[in-house]
Amino acid sequence: MNPDELDQLAGRVQKGDRDAFAELVFLIRHELRVFLSSYASSVVMIDDIVQNALTTCYENIAKYELRGTFLSWVKGIARNLMLKELQARSRYMTSDDAFLERIIAQSALETAQGAEREEARLQRLRGCLEKLPEQARTLIQQRCYSRMRVQEIARRHERTPTWTAVTLFRIREMLRDCMEKEDAP
Amino acid sequence: MTDNDFILLMEEYFDGSLEAEGRAALRRELQADPARRALFETQSRQHIRIHAQTTPLDFSESQRIALTVMDAVAAERHPATFADILKEQTLRERIAAIREGLKAPRYSGKHRYARFALLRVFGPPLLTAALCILIIAALALAVPRFFPVEEDPEGINIQLRPSERPTPPDPRPDPVPTQGQPVPPVVTSMPIPVGRPVPITALPTHLIGRTPAARAEILKKSNNTRTEKTVTSALQWLKEHQQADGSWEGQDPIAMTGLALLAFLGHGDLPDDTAYGPTVRRGLQHLIARQDNAGHFSGNVYAHAIATYAMAEAFTLSRIFPLREPMERGIAVVVGGQQPGGGFDYQYSKGSRFDTSVTGWQVQALKAARLAGSSHPGLDPALEKCLRFLRTAAFAGDGSGFVYSGQNGAAPPASGATWTMTGVGTLCLQLLGARDCRQARHGLALLEDVAFPWTRDGKPGIYGAYYVTQARFQGGSPASWEPWNRQMQNALLAAQHKDGHWEGGDYDQGSHVYTTTLCTLMLEVYYRYLPTYAKAATNDVVTAIATGVQVDVQ
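First to last, the sequence lines map onto chains R and Z.
First residue of the first sequence: 1, per the numbering used here; consecutive thereafter.
First residue of the second sequence: 1001, per the numbering used here; consecutive thereafter.
Just so you know, these hints were derived from the structure itself, not from any lab.
Positions of the beta carbon are idealized from the N, C-alpha and C atoms, including for glycine.
Where hints are given, some of them may not hold.
Dumping the calculated SDA-like pairs for lysine to any residue here, alpha-carbon to alpha-carbon at most 25 Å [unchecked claim]:
| id | chain 1 | residue 1 | chain 2 | residue 2 |
| --- | --- | --- | --- | --- |
| 1 | R | LYS131 | Z | THR1211 |
| 2 | R | LYS15 | Z | LYS1239 |
| 3 | Z | LYS1239 | Z | ALA1074 |
| 4 | R | LYS15 | Z | ILE1095 |
| 5 | Z | LYS1103 | R | ASP47 |
| 6 | Z | LYS1239 | Z | PRO1212 |
| 7 | R | LYS131 | Z | LYS1385 |
| 8 | Z | LYS1103 | R | LEU71 |
| 9 | Z | LYS1103 | R | ASP7 |
| 10 | R | LYS15 | Z | ALA1495 |
| 11 | R | LYS63 | Z | THR1068 |
| 12 | Z | LYS1498 | Z | VAL1073 |
| 13 | Z | LYS1239 | Z | GLY1268 |
| 14 | R | LYS15 | Z | ALA1074 |
| 15 | Z | LYS1229 | Z | ARG1037 |
| 16 | R | LYS63 | Z | LYS1103 |
| 17 | Z | LYS1103 | R | ARG67 |
| 18 | R | LYS15 | Z | ALA1096 |
| 19 | Z | LYS1103 | R | LYS84 |
| 20 | R | LYS75 | R | PHE99 |
| 21 | Z | LYS1103 | R | ALA20 |
| 22 | Z | LYS1221 | R | LEU109 |
| 23 | Z | LYS1459 | Z | CYS1437 |
| 24 | Z | LYS1221 | Z | LYS1239 |
| 25 | R | LYS84 | Z | THR1068 |
| 26 | Z | LYS1103 | R | LYS181 |
| 27 | R | LYS15 | Z | PRO1322 |
| 28 | Z | LYS1103 | R | THR55 |
| 29 | R | LYS15 | R | VAL44 |
| 30 | R | LYS131 | Z | ASN1224 |
| 31 | Z | LYS1103 | R | LEU109 |
| 32 | R | LYS63 | R | GLN8 |
| 33 | R | LYS63 | Z | ARG1094 |
| 34 | R | LYS181 | Z | ARG1037 |
| 35 | R | LYS84 | Z | MET1070 |
With the Cβ distance kept under 10 Å, some of the chain R side facing chain Z (calculated, not the full set) [to be verified]:
| id | residue |
| --- | --- |
| 36 | PHE21 |
| 37 | THR69 |
| 38 | ARG79 |
| 39 | LEU81 |
| 40 | GLU85 |
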């Protein structure tokens, strides 16, 4: 992603060009989602924070100076929003039903302390995903890219939901191992 | 709770389908077992990370979010700056604030203030001026009524003032549209902005072979490196034979341009690349400029589908968003032109006749649009109808393969299958994810008896060979693919002229572009559109994970 191109679009948004903002969103959304995935406690939470971050960005875009740092600026906004949200969730979600999400939020909050390390790990995850074989990548694509449910994937592969869940579990573990392995000196 | 039950519960929690009972069971499990809790944490986090990495790059979704954000900001921006507006200022301060505000973003408080202040400063004089004009106009209308002018005795020879004279007729002849053909708009040069490389994880699985690294790896592993020089030499020839307006010559320049673009895109050459980027860009610009208001790239049903196919591939690979709209409009024409039975015919006729050859290109365009993430609501139903059509109406009753044409609503033709149409039907079923259906398997078996049709005498049947090459490659059996691959490579490498072109294929329109593009597309088969059968890599972990997984990504 070219910082000059982002600045060019940001400049157009500052002049009131609505189409330019749509283009800007298209260019940064993927990057922003990946960035937030280190800290989010659910996929839905990523979408919410992305939208809030974009709203804050749009409201304050007049304050942004065109210095080729647009993405870092938006990431900073998003990270602050995410931390606030995680703190709120880990503190105030006390009901039994929120237990599951709360423990993920707490774990994410711990990760947020080592932000730089996590960002490097995310870069490695991308490399690990590219190394996945066709079949494993297909399963991941169906699960995440096409947002298919586990039952649906199982039906498509003529397998049981348990087989599908276990295979997905192993793929995730393998990717984690791959990230950790490359993490080691 | 067994490990497998626990993992299934987690998985259902991730996709949000876990009922209250299941959530309670999972919660109890996590509270009781710290090891499982740790596993749950890491798995959840990993699921979220992977999810974010593989999110599709969808422009319409981004556009929707942008609009929501902008509307929300506009709706929630209370007139806090109205305090400034109400504050009394000197005229000089006011003009300075207006000048500053007009430079600020349109939605900003300063800009709104500037507009408001503009009205305050200049509104009263403007209003007075407008009133004066109205009064003068009313008087001017009233005067003739009170002081009637004598009528011109001739009555009919009233001369128009120069500015009211009709525009002289355009000396250029009007385009004469043939039946069903849209009138092409005036060709204009449309700038295509710089694209950005699409991350490999965001590319559809079928297309990842087009990245330079993957292409090199695939060619090396499949031992087909000798074809690469042939392909680049053909692409160079195509580049040198592009017309000044971005098109390629032939009886139907739109079809030729679409095919040439497919050849470049098949090799992974995108609009921003150094070697062929400007060529691809000009080709795309030509197609966009030729698309009429109704979405037709051409009145010819083949040419339209080929152009739409090229546009969809260009958008998928480059994510240059101005390509999306032409693609969507093109695909709307294809979807709208489908017959109720699922097939297509010339002129997108909805009559009783269907044409399998025409259908073949429409299916390729529809599938490419699907991979591009088209948001057309009729796309998936159209693909489903195509599938039904190919499995029933187009397959000969005697099992001899696919037929060229037939009647909608009637029983499938009892005979009359050809190897060319069997190639079309088989490939289309494979593209539609039905490679294991009876008709596709039978079609593939029939194609195994076909020899590569390149002879020194007569016209080589490259139209059929284009389909058979892909169908046998997608079919997945080395026993079927290898003999054909050898014949194809030997024939095409021998028949290529030194400057990179081929000539003389069936339906060649004299410019050699048609033959050259189809031959190039055939030689790009190894990486252009990856099949879904590929066996698991030898990596131990991978083998453990993927054993037995047979999938079709749709």
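Against the structure, the hints come out as follows:
1. Only pairs whose Cα atoms come within 25 Å are accepted, and LYS131 (chain R) paired with THR1211 (chain Z) is accepted, the gap being roughly 14 Å.
2. Taking the CA atoms of LYS15 (chain R) and LYS1239 (chain Z), the gap is near 40 Å; set against the 25 Å cutoff, the hint is violated.
3. Between LYS1239 (chain Z) and ALA1074 (chain Z) the CA atoms are separated by roughly 49 Å; this puts the pair beyond 25 Å, and the hint is violated.
4. Pair hint LYS15 (chain R) plus ILE1095 (chain Z) holds up; C-alpha atoms about 20 Å apart against a cutoff of 25 Å.
5. For the proposed pair LYS1103 (chain Z) and ASP47 (chain R), the alpha carbon gap of about 33 Å is over 25 Å, so the pair is violated.
6. Under the criterion of a C-alpha separation no larger than 25 Å, the hint pairing LYS1239 (chain Z) with PRO1212 (chain Z) is consistent with the structure, at around 19 Å.
7. Under the criterion of a C-alpha separation no larger than 25 Å, the hint pairing LYS131 (chain R) with LYS1385 (chain Z) is inconsistent with the structure, at around 36 Å.
8. Distance hint between LYS1103 (chain Z) and LEU71 (chain R) is fulfilled; the C-alpha atoms sit about 24 Å from each other, no more than 25 Å.
9. Between LYS1103 (chain Z) and ASP7 (chain R) the alpha-carbon distance is near 17 Å, which keeps this suggested pair within the 25 Å criterion.
10. Using a Cα cut-off of 25 Å, the hinted pair LYS15 (chain R) and ALA1495 (chain Z) is violated, with the two alpha carbons roughly 58 Å apart.
11. The suggested pairing of LYS63 (chain R) with THR1068 (chain Z) holds, with an alpha-carbon distance near 21 Å, which does not exceed 25 Å.
12. With a C-alpha separation of about 62 Å, the suggested pair LYS1498 (chain Z) and VAL1073 (chain Z) falls outside the 25 Å cut-off, and the hint is violated.
13. As the CA atoms of LYS1239 (chain Z) and GLY1268 (chain Z) are separated by approximately 15 Å, the hinted pair is consistent with the 25 Å bound.
14. Note on LYS15 (chain R) and ALA1074 (chain Z): the hinted pairing holds, with a Cα-Cα distance of about 15 Å set against a maximum of 25 Å.
15. Between LYS1229 (chain Z) and ARG1037 (chain Z), the direct Cα distance comes to roughly 56 Å. Violation of the 25 Å bound is thereby established for this hinted pair.
16. At roughly 13 Å between alpha-carbon atoms, LYS63 (chain R) and LYS1103 (chain Z) fall within 25 Å of each other, so this suggested pair holds.
17. Restraint check: the Cα-Cα separation between LYS1103 (chain Z) and ARG67 (chain R) comes to about 19 Å, which is no more than 25 Å; the hinted pair holds.
18. For the suggested pair LYS15 (chain R) and ALA1096 (chain Z), the alpha carbons sit about 18 Å apart, so the restraint of at most 25 Å is met.
19. A C-alpha spacing of about 34 Å is found between LYS1103 (chain Z) and LYS84 (chain R), which places the hinted pair above 25 Å, so the restraint is violated.
20. Note on LYS75 (chain R) and PHE99 (chain R): the hinted pairing is violated, with a Cα-Cα distance of about 28 Å set against a maximum of 25 Å.
21. Taken as a hint, the LYS1103 (chain Z) and ALA20 (chain R) pair is honoured in the structure, with Cα atoms around 17 Å apart against an allowance of 25 Å.
22. In summary, the hint linking LYS1221 (chain Z) to LEU109 (chain R) is not supported, as the alpha carbons are separated by about 45 Å, beyond the 25 Å threshold.
23. As the CA atoms of LYS1459 (chain Z) and CYS1437 (chain Z) are separated by approximately 33 Å, the hinted pair breaks the 25 Å bound.
24. For the proposed pair LYS1221 (chain Z) and LYS1239 (chain Z), the alpha carbon gap of about 29 Å is over 25 Å, so the pair is violated.
25. A threshold of 25 Å between alpha carbons decides the hint, and for LYS84 (chain R) with THR1068 (chain Z) the separation of about 23 Å falls inside it, so the pair holds.
26. A C-alpha spacing of about 53 Å is found between LYS1103 (chain Z) and LYS181 (chain R), which places the hinted pair above 25 Å, so the restraint is violated.
27. In summary, the hint linking LYS15 (chain R) to PRO1322 (chain Z) is supported, as the alpha carbons are separated by about 21 Å, within the 25 Å threshold.
28. As the CA atoms of LYS1103 (chain Z) and THR55 (chain R) are separated by approximately 22 Å, the hinted pair is consistent with the 25 Å bound.
29. Simply put, LYS15 (chain R) and VAL44 (chain R) have alpha-carbon atoms about 32 Å apart, too far for the 25 Å limit, and the pair is violated.
30. Taking the CA atoms of LYS131 (chain R) and ASN1224 (chain Z), the gap is about 22 Å. The hint holds against a cut of 25 Å.
31. Taking the CA atoms of LYS1103 (chain Z) and LEU109 (chain R), the gap is near 42 Å; set against the 25 Å cutoff, the hint is violated.
32. With a C-alpha separation of about 15 Å, the suggested pairing of LYS63 (chain R) with GLN8 (chain R) holds against the 25 Å cut-off.
33. At most 25 Å may separate the alpha-carbon atoms for a hinted pair to count; LYS63 (chain R) and ARG1094 (chain Z) meet this at roughly 23 Å.
34. As the CA atoms of LYS181 (chain R) and ARG1037 (chain Z) are separated by approximately 23 Å, the hinted pair is consistent with the 25 Å bound.
35. With a CA separation close to 23 Å, the supplied pair LYS84 (chain R) and MET1070 (chain Z) stays within the 25 Å bound.
36. Using the Cβ-Cβ criterion of 10 Å, the hint placing PHE21 (chain R) at the interface with chain Z is satisfied: the shortest such distance is roughly 5 Å.
37. The beta carbon of THR69 (chain R) comes no nearer than 18 Å to any beta carbon in chain Z, farther than 10 Å, and the hint placing it at the interface is violated.
38. With a cut of 10 Å, the hint placing ARG79 (chain R) at the interface with chain Z is violated, because the nearest CB-to-CB distance is about 14 Å.
39. Taking 10 Å as the C-beta contact cut-off toward chain Z, the hint placing LEU81 (chain R) at the interface is violated, the least distance being around 14 Å.
40. At about 14 Å, the closest approach between the beta carbon of GLU85 (chain R) and any beta carbon in chain Z exceeds 10 Å, and the interface hint on this residue is violated.
Comparing the model with each earlier hint shows violations of hints 2, 3, 5, 7, 10, 12, 15, 19, 20, 22, 23, 24, 26, 29, 31, 37, 38, 39 and 40; every other hint is respected.
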